[in-house]
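Q: Sequence:
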Amino acid sequence: MPLPRRLAARLVLLPALAIALLPPRRIRAVLGILRRGARPATAAEARNARDAMCAASLRCAGPKGCLPRSLGAALLCRLGGTWPTWCTGVRIVPPFTAHAWIEAEGGPVGEGAPEGYFARLVAVGPLPRATDR
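Residues 65 to 197 (this note's numbering) are what the sequence shown spells out, left to right.
Calculated from the structure, these hints are not laboratory results.
Bear in mind the structure is a predicted one, so any value in this text is a computation, not a measurement.
Mixed in with the good hints, there may be bad ones.
To be verified - Derived pair list, reagent style SDA-like, types lysine to any residue, alpha-carbon separation capped at 20 Å: (1) K128 to G144; (2) K128 to A82; (3) K128 to I156; (4) K128 to P159; (5) K128 to F160; (6) K128 to A183; (7) K128 to V154; (8) K128 to T161; (9) K128 to A177; (10) K128 to E169; (11) K128 to V157; (12) K128 to D115; (13) K128 to P158; (14) K128 to P66; (15) K128 to L78; (16) K128 to I83; (17) K128 to Y181; (18) K128 to A162; (19) K128 to G170; (20) K128 to R193; (21) K128 to I91; (22) K128 to G96; (23) K128 to P192.
Given only the sequences and the hints, what does the whole structure look like? Please build it.
A: Take a look at the structure:
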C-alpha cells in the first residue's frame, strides 16, 4: 500500500471511530451529509478504500472491526470525491449477527460472502447526480 494512501487511511480512522460511537440514527444523519456532492464509487475504488483501512488498523482488519472499517472506507472514498453505499444489517443464516459493510456497483465489497448473505437494515448510498434525475 503506497504511503500516501496509508496516511489518508490513518487520517480518517479517528473520525470513523468517533462516528461509530454515535447512535444509528445519528450515524445515518452524519453520513447523509457527508455523501453530498460525491459521485458513486466504483467497486475498485471501494475495494481500495476497504483494503487501506485494513492495512491502517488491526482493529479494522479484525472480525469485530466491521463498523469502523466500513465507516473509514466510506470516509476514505469521500476524500477521493466518491461515495459507496454504506450498509448495516444482519447475517441471514444462524448465528444472526449484526454487520456493517460497503457496497459498490450493486454488491458487497471485500466481504467474501455470496450475494444475499446479509440483509440490509440501513443503507446510505450516493445521491443521484442532477443530470441523473
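Q: Would the pair K128 and G170 pass a check requiring their Cα atoms to be no farther apart than 20 Å?
A: Between K128 and G170 the Cα gap is close to 24 Å, so the pair fails against 20 Å, i.e. violated.
Q: Can the restraint linking K128 and T161 be considered satisfied, given a maximum Cα separation of 20 Å?
A: Since the Cα atoms of K128 and T161 sit roughly 11 Å apart, the hinted pair holds (cutoff 20 Å).
Q: Starting from K128, check that the Cα of I91 is at most 20 Å away, please.
A: It holds: about 18 Å lies between the C-alpha atoms, which stays within 20 Å.
Q: Are the Cα positions of K128 and G144 separated by 20 Å at most?
A: Since the Cα atoms of K128 and G144 sit roughly 26 Å apart, the hinted pair is violated (cutoff 20 Å).
Q: If you draw a straight line from the CA of K128 to the CA of P158, is it 20 Å or shorter?
A: 17 Å, holds
Q: For the pair supplied as a hint, K128 and P66, is the alpha-carbon distance within the 20 Å limit?
A: Violated, at about 26 Å.
Q: With the threshold set at 20 Å, check whether the alpha-carbon distance from K128 to V157 stays at or below it.
A: 18 Å, holds
Q: So if I understand the rule, the pair passes when the alpha-carbon distance is 20 Å or less; does K128 with P192 pass?
A: 32 Å, violated
Q: Holds or violated: are the alpha carbons of K128 and D115 at most 20 Å from each other?
A: 16 Å, holds
Q: Given the hinted pair K128 and R193, is their alpha-carbon gap at most 20 Å?
A: With Cα atoms ~34 Å apart, K128 and R193 exceed 20 Å; violated.
Q: Against the 20 Å threshold, does the CA-CA distance of K128 and Y181 hold or violate the hint?
A: 17 Å, holds
Q: For the pair supplied as a hint, K128 and G96, confirm whether the alpha-carbon distance does not exceed 20 Å.
A: 24 Å, violated
Hints 1, 10, 14, 19, 20, 22, 23 from the earlier list are contradicted by this structure; the remaining hints agree with it.
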